[in-house]
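With the hints as a guide, dock the two chains, each given alone in a separate frame, to form the complex.
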Amino acid sequence: MLDADFFRRWMTATAASVEREAERLTALDSPIGDADHGSNLQRGFRAVTATLEKEAPDTPGAVLTLTGRQLISTVGGASGPLYGTLLRRTGKALGDAAEVSEEQLAGALRAGVDAVMTLGGAAPGDKTMVDALVPAVDALADGFTAARAAAEQGALATTPMQARKGRASYLGERSIGHQDPGATSSALLIAGLAEANGE
Amino acid sequence: MSDDKTVGIVLVSHSAEVAASVAELAKGLAGGGTSVLVAPAGGTEGGGLGTSAELIAAAAASVDRGAGVAVLTDLGSAVLTVKALLAEGDELPGNTRLVDAPFVEGAVAAVVTAATGADLAAVEAAAAEAYTYRKV
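Order-wise, the sequence lines are chains L and U. Number 68 in our numbering belongs to position 61 of the first sequence; there are no gaps in the numbering. Number 95 in our numbering belongs to position 80 of the second sequence; there are no gaps in the numbering.
Watch out, some of these pointers could steer you wrong.
Said to hold, decoys possible - In silico DSBU-like cross-links for lysine-lysine, where the CA-CA straight-line distance does not exceed 35 Å:
#1 Lys-98/U / Lys-172/L
#2 Lys-61/L / Lys-99/L
#3 Lys-98/U / Lys-20/U
#4 Lys-98/U / Lys-99/L
#5 Lys-172/L / Lys-20/U
#6 Lys-98/U / Lys-150/U
Keep in mind the hints are simulated off the structure, nothing from the lab.
Only chain U is shown next, with the shape it has when bound in the complex (with noise of 0.2 Å):
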């Protein structure tokens, strides 16, 4: 497995310090050291709770290495700006999809999964999947 082929993750969150935060708890139950970029894009660029596009252009362009960026998000206007952006077609790099996924479980199921080299399809999948663990 080549590093530099590994599928990017993007958090968005209303929430800078929820994004970042998961982030945080998707690398560590990772493993450390894991070589997969993770990138928080949360809040608004003020600081406060929302929605940033820039912040999430920004963010998904950072991990971008050429295996395509994985985008979970949490509610409302993040899944809607997402969804926007990638309509709009030049945003955000080529090969980025939103992922259909719960936010906490499904970034850690991501990040694991493209920790092993796997491509991008496979890192959706994984992180879909996170939705079929029920808790009771």
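Looking at chain L on its own, in the form it has when it is part of the complex (with noise of 0.2 Å):
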């Protein structure tokens, strides 16, 4: 069963990522983006690492409804409500439970993808972050290590991809051979599980 230190683990573990890959992020997100992907998701992750050990949350879903609520406050671009919408709303799909089985958290987090696709409009192959993670949902059931694998395959398999969702698609072709910073930054999300269960 995963607790809520299991869960602050999680967000602890993706925000060290962030500041370690937030340069690479930022990089991915000049040639197709506005260049702030990296940035944008540091100021983020460092203000939920603040708020995580000031309120001190006590059950899963607590941890991730007030992880979301702080991304789409400080973020300052898209990902902000993406990512605040997703974490969100996979909280709210746990409930109050203390403790969640890998099962719940699978369904919670299919919730928290469906929400992300409802509010971008985004489906898979537009070359968003959607495409990490549908397929790392898709592969938890077994287990977190495959779901980073499915997860790093994803974000890898948008590079191909012509953009068809925000800023990327006014470049229509030429955002074909570049990998979505949006599916790369979803990938560190759910690599985060993975380091949260010591794997």
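Shown next, in the form of structure tokens:
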């Protein structure tokens, strides 16, 4: 079973990898975006880390809803409401249980990904974070390591895609050949699950 | 018409200058001295280009007179942030709506309509109708 501590470790592991990869995320966002993805997420996850320490939420659902709310408030770009909605909706789906199973987490995360697709209007194949998140959620039944591999694979698979959502879509065919920054940061988020579990 | 029952208007842009200028333009074209409350929420809190949930929430609260708040946005994160705040439930005044409208023309239509004392649905319809005015 997964308790609030696990979810805090998940968020701090993600914050650490965002910190580590911020320059790379911004570099990926330069040719097809507005070159702020890394710095935006860095600002958001720094605020998340501070808030989790200060407010010490004590259920899995509360950790994620607080994180989501903080990301919506502090990121400043489209990834704020998108990641914020993902984690808030996942947290709400977990309710106020003190511990949840991996199956419950997988179901809740699917609800979160569905909410992201509704909010942004993106489907798999549009060269967005959805291309990492959907295969990751599908692979969760086989464990966190499998989900991490699926998310990384999904992020790599965005390179030959043409963007159909967000600012990159204005570039049309010129968006082809670049890995999507949002799918890349989504793979960091999923990798955080495996890290929180000591995998 | 009672002044304290007009619909409030919030203009959300990636740029503080764009939001503030469109607010001035809309109020100016609505006729001087309009009592409609129009609040710009542009850029990030640090003054850069982007969207601030805090500025949006503060702007919406500042124009809420109980008759509803119409929010117009430019694009991308401005749209997504308002939608996420609306889904949150308690971040914006109860009767707040994201209005699907062109930013400049919609803002003018919304302010002019709100100034007549129209309700939120009428303000929303007028702003959305601005999409149908072709220029060529």
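For which of the previously enumerated hints does the structure constitute a violation, in increasing order of number? Hint 5 is the one this structure does not satisfy, whereas the remaining hints hold.
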